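A.B. asks: These are the residues of each chain, in order.
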Amino acid sequence: MSDEVLAPMPGKITKILVKPGDDVLEDEEVLVLEAMKMDNPIFAPSNGKVKEIRVKEGEEVDVDHVLLVIE
Amino acid sequence: MLEAILNGLGGLVAGFQALALDWRSIIMLVIGGILLYLGIKKDCEPLLLVPIGFGCILVNVPLSDLMAKEGFLRVIYDAGVDTELFPLLIFIGIGAMTDFGPVLAQPSTFLLGAAGQFGIFLTLLMALFFGFTKLEAVSIGIIGACDGPTAIYVTSKYAPHLLGAVSVAAYSYMALVPVIQPPIMRAMTTQAERATVMKYKARPVSKTTKILFPLVITILGGLIAPKGLPLLGSLMLGNLMRESGVVSRLTKASENEIANVVTLFLGLCIGATMSGAAFLKPQTLIVLGLGFVAICLDTVCGILFAKGMRVLSGGKINPLIGAAGISAFPMAARVVQREGIKYNKKSYLLMHAMGANAGGQVGSVIAAAVMLSVLAGMGIIS
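Each protein sequence line maps, in turn, to chains A and B. The numbering of the first sequence is the numbering used here, which starts it at 1 and goes up by one. The numbering of the second sequence is the numbering used here, which starts it at 1 and goes up by one.
Among these hints, one or two may not hold up.
Stated by the list, open to error - Straight-line alpha carbon distances no greater than 16 Å define the calculated EDC-like cross-link-like pairs of lysine to aspartate or glutamate that follow:
| no. | chain 1 | residue 1 | chain 2 | residue 2 |
| --- | --- | --- | --- | --- |
| 1 | B | Lys201 | A | Asp64 |
| 2 | A | Lys15 | A | Glu28 |
| 3 | B | Lys346 | A | Asp22 |
To be clear, the hints were calculated from the coordinates, so they are not data collected in a lab. None of these values were measured; they are calculated from a predicted model.
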């Protein structure tokens with residue numbers, strides 16, 4: 001089963017804190033999304049392994065853009 | 001000859017003698033120092049507190065006459081505060097900085113921006129109860145708008161003797177929003193309410209809507225409350241310039257150069273109203289106290305209203321966003337986001353809170369405008 005992490009709001013990815021293959025725990029910070037001039041931590045939705053990262057640092061994303069996939 | 005020299009030297013100690021006799025000036029010099037300390041060392045609204053603190057020190061050095069007729073600070077005060085020009089110029093800059101996109105994309109958040117203003121009216125009633133005149137009470141209530149320029153505009157026009165107290169209260173409580181609001185937010189909501197996830201559904205907002213918004217608000221607001229049109233109009237002028245996208249030089253000047261220059265002069269002038277004789281009165285403490293109550297009541301009313309919306313929407317609204325319906329932009333929205341994510345790591349309230357906060361920005365101006373027009377209707381002001 002895989003879980004997609006979606007952008008909760010439009011903004012810019014300022015930091016990616018994990019890499020593919022990393023084990024993450026639920027509610028662990030995986031990304032930072034800057035929106036309205038505020039850095040917002042994005043947390044993992046579930047325990048698992050990072051399968052894929054679909055964004056780059058500095059990338060502008062719209063709401064519901066898939067940021068990474070956890071399985 | 002020797003006597004003349006001694007007399008001349010006496011002139012150099014006259015200031016010390018005057019200071020030794022005037023305990024109020026000594027206290028105010030200390031207060032000025034505290035404001036500077038908060039600004040410089042604690043990074044608490046330094047852009048305002050540094051000029052305010054220094055203005056306060058300048059005006060409390062005895063025999064200096066900076067606020068006497070044609071004194072340095074008096075000239076600036078008469079030109080910009082007495083005429084209400086400074087707060088209006090700042091408003092053009094605020095309009096140029098504010099993105100009303102989040103509120104236009106989620107129009108229901110506009111209601112929260114209105115609900116966050118009830119504190120103003122409740123505080124006004126309390127100020128009347130404490131024996132302030134109607135015009136003074138309006139100026140004190142407006143602290144609850146959490147909006148410095150609006151408070152300064154209204155106070156300099158109708159209760160100039162309270163200007164120092166009102167503006168210090170307005171700006172310090174604005175800086176304290178991240179401290180004042182969270183305990184109220186926690187006390188008024190349940191864990192389940194605070195953890196509610198609100199999905200952000202972006203309704204695209206067209207450029208035409210963004211351009212029409214300031215125009216419609218100006219004309220409609222002006223017709224309802226003509227007394228507030230200077231405030232509302234300057235805010236919306238800045239916003240129209242921003243959204244039109246064709247006058248970026250003017251927009252940039254409004255939000256940077258003009259706003260910066262005016263902030264410096266305005267801060268100095270506010271400091272200059274804080275002479276010992278005018279500031280060290282029991283009245284000032286009551287103003288500071290009522291201002292605090294005003295901001296708390298705004299938060300309470302905003303959250304209560306959001307709770308009402310939660311019930312009507314079948315539990316889809318997180319009542320925390322009600323706290324953002326004040327004018328302290330974008331601070332209040334950030335507080336809501338930070339608090340929300342504490343209770344649920346999947347909860348992103350920022351965009352909803354920004355909507356309420358931008359609504360609060362307009363709401364506080366409209367509240368002030370309505371109040372002035374009601375006073376005019378009652379024949380209290382002309």
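A.B. asks: Indicate, hint by hint, whether the structure satisfies it.
C.D. replies: Hint by hint, here is what the structure shows:
A C-alpha spacing of about 9 Å is found between Lys201 of chain B and Asp64 of chain A, which places the hinted pair at or below 16 Å, so the restraint holds. Only pairs whose Cα atoms come within 16 Å are accepted, and Lys15 of chain A paired with Glu28 of chain A is accepted, the gap being roughly 14 Å. Of the supplied pair hints, the one linking Lys346 of chain B and Asp22 of chain A is violated, its CA atoms being roughly 20 Å apart against a limit of 16 Å.
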